[in-house]
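Colleague: Assemble chain B with the ligand onto chain C, guided by the hints.
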Amino acid sequence: METQTIKSKQNTTKTTERISGSEAIVRCLIEEGVKILYGYPGGAIMPVYDELYKYQDKIHHVLTRHEQGATHSAQGYARISGEVGVAMATSGPGATNLITGIADAQIDSTPMVCITGQVFSHLLGSDAFQETDIVGISTPVTKWNCQVAKAADIPEAMAKAFYIARSGRPGPVLVDITKDAQMEMFDFSYEKCTKIRSYVPVPKTDFSSVEAAAKLINAAKKPLVVWGQGVILSKAEEAFKAVIEKAGIPSAWTILGASAIPTKHPLNVGMVGMHGNYAPNVLTNECDVLIAIGMRFDDRVTGKLDEYATQAKVIHFEIDPAEVDKNVKTDVAVLGDAKASLEAILPLINKNSHTDWHQKFKDLYAIEYEKVIKDDIHPTKEGLTMGEVLNQINIYSKGDAAIVSDVGQHQMIACRYAEFNKTKSNITSGGLGTMGFGLPAAIGAKMAAPDREVVSISGDGGYQMTIQELGTIFQQKAAVKVVVLNNDFLGMVRQWQQLFFDKRYASTEMVNPNFVAIAEGYYIKARKVTKREDLAEAVKEMMESKEAYFLEVCVEKEGNVFPMIPTGASVSDIRLA
Amino acid sequence: MNTEKQLFTISVYTENNIGLLNRISAIFQRRHINIESLNISPSEIVGVAKFTIVVNMAEESVKKIIGQIEKQVEVIKAYYHDQDEIIYQISGLFKIKSELLFEERQIQNIIKESNARIVTVNKEFFVLEKSGKKEEIVTLYNKLSVFGIMQYTRSGLIAVTKEEMKISALLETYNN
Ligand SMILES: Cc1ncc(C[n+]2csc(CCOP(=O)(O)OP(=O)(O)O)c2C)c(N)n1
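Those sequence lines, one after another, are chains C and B.
Using our numbering, you'd call the opening residue of the first sequence number 1 and step up by one each time.
Using our numbering, you'd call the opening residue of the second sequence number 1 and step up by one each time.
Worth double-checking, as some hints may not be accurate.
[To be verified] For lysine to any residue, the following SDA-like pairs were computed, each having C-alpha atoms within a straight-line distance of at most 25 Å: (1) B/K64 x C/P203; (2) B/K71 x C/L335; (3) C/K192 x B/T173.
[To be verified] Under 8 Å between C-beta atoms, here's a sample of chain B residues computed to sit facing chain C: (4) E15; (5) G19; (6) N22; (7) R23; (8) A26; (9) K64; (10) G67; (11) K71; (12) V73; (13) V75; (14) I76; (15) L171.
Note that these hints are calculated values from the structure, not bench results.
No residue lacks a Cβ here, since even glycine has one placed at the ideal position from N, Cα and C.
The following block holds chain C by itself, in its conformation from the complex (with noise of 0.2 Å):
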């Protein structure tokens, strides 16, 4: 390796070092601090896979078993840890199996980089083996991307790639890299991005937007917020906090939402949308100021939109100017990032209780808790409910665990009942709805959060879109604790049938394999629950475990999730049962 040292542009001294494209690759991630990478080997890409081998004291590879793993893995690890979670895979079939995992990342905007290898150079457009245009796939799931033929670009490509997934509203990037690029040899040196002349990240905040929401929200009687992921993602928690406390305003959270304070902080009034509570929807229509804080009035959060706060003036706290207006018109919308602008108007908002206001959302939720919530989760029919089951993991948990879901009446129950103490602690496929989402997005946070309980809570639906993950669990010795809730159906799929196709239950009842054999096969302790009695310890036992674990529950095969908007509907038509 030669050393040799070169003036720059800038006239200061860069060192370069001839090295290869592939070992550049490698260099980059190191440089932008990657510690951890999840992937999957392949012809196109192996030149990087041998650099991975020289400097496997640096970055950790984890061969997931399935690309969709190696994307849903990085994306655990991003949301749990806020840094930018890395997947790489080979040409072809390796980039195509990204995307799902792509798309997810870029709804809910996932800072992620995805490497893919490319055929030679000169066989681009050629049809060649493995060779597929996958710059052209994932240009409309991707925040950006990019197509690298020529070693020396590589530096500059990667470092753009992980500037724009972090930056401003995170997202998923893909830089593509022709094997002869990989394998050409070029003068290294390496300077990370801070602008890009055409990407205004964050945009500026317009203090006369900020005075104008004090104002709104000072004159309000009855005001409301409906917070998003955006609170989490700019690191806005404790001025977001300040501000609610301070004017005494009842909060509710959007799915991504969820964990940003605690679940039960007082003004926490719980989740809004098609299966949220009962309250925050109903008064969502009663309300007169509705502060929306770094969400994005997705269809099922508003429901049918012309009915959806219409007496209302609308304050929208936003990173994305194209959010502003998109879906629901607002009087004042507040640009910028969301820790920056709730921080300027903290001085200027008055101290409140709203105690009447409260009041409303108290009793609504007395009586969302005796029609629902007793039920589920302090059951007294027979059959195990989803309910009792997540309660039993707060018992053990003390709320302190990170919940990751999979897509489901499984993940919209543990959305509603899992407590949180910490942010970060909902991690859950909420955009895209992504099935086979949760296992490999566990072990993606348990690797991020070593320290942290993570337990991962899947339908038996989804669990086998991405049940090959346990062999990864079992290879990274990742100790997650895997719940399936077993109901042998795809239970929302089976629930909408019951509701609307008049219990003609197509395709959605499930045959299932020995799941505990399966579990075991890879090594993971398993244990299966079929009745209430053994429920708590089983529960206690996996909590315990200082290793992986997986528990099968056994639970009603025809439990439904309340309360419920059905679509088209208003958020105040809530259905109870």
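Modeller: Relative to the frame of chain C, chain B with the ligand by itself:
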């Protein structure tokens, strides 16, 4: 805001990078919006490309589209204008049998009246070029088609705005 559909011209200033056309056209495709015309060329600023896109849609939707376009990392700025705010041209090319030029008197008159320009003439055919508003080109087409047109093609709309767009000033602020 007007919810009726009308023609809007969208100007997008971008970094001159591969793949951006794909990203921008996908924004329209996803929303089932037909692009009436599209032109991409260098702009007045070195290294900056300009897209001129004509669409038929409601102003409210155009605003949202502009937001989505500007969100792309390599887009510097996007604007939309109605037809009164721009000065635009379209160019049409007509390939016609040469014999018609000499045998059909009428054709020579049409060429003169329409201010079309003969680009080339040879034994077999001649080529006419006409720049102007779309209607003018269509009118010329209608007149000529009576005699038979061998080939016809029309460019996308290109436009400059009456108002200043201040891209250089914007880039200046980005550079600081
Ligand atoms: C990849 C993917 N395919 C299909 C769906 C549609 N879908 C949503 S929920 C669901 C059923 C989930 O069943 P299961 O995993 O058993 O969980 P449960 O609802 O029973 O808790 C399906 C099929 C999806 N969200 N993701």
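Colleague: Going through the numbered hints above, which ones does this structure break? Give me the numbers in ascending order.
Modeller: No numbers; nothing is violated.
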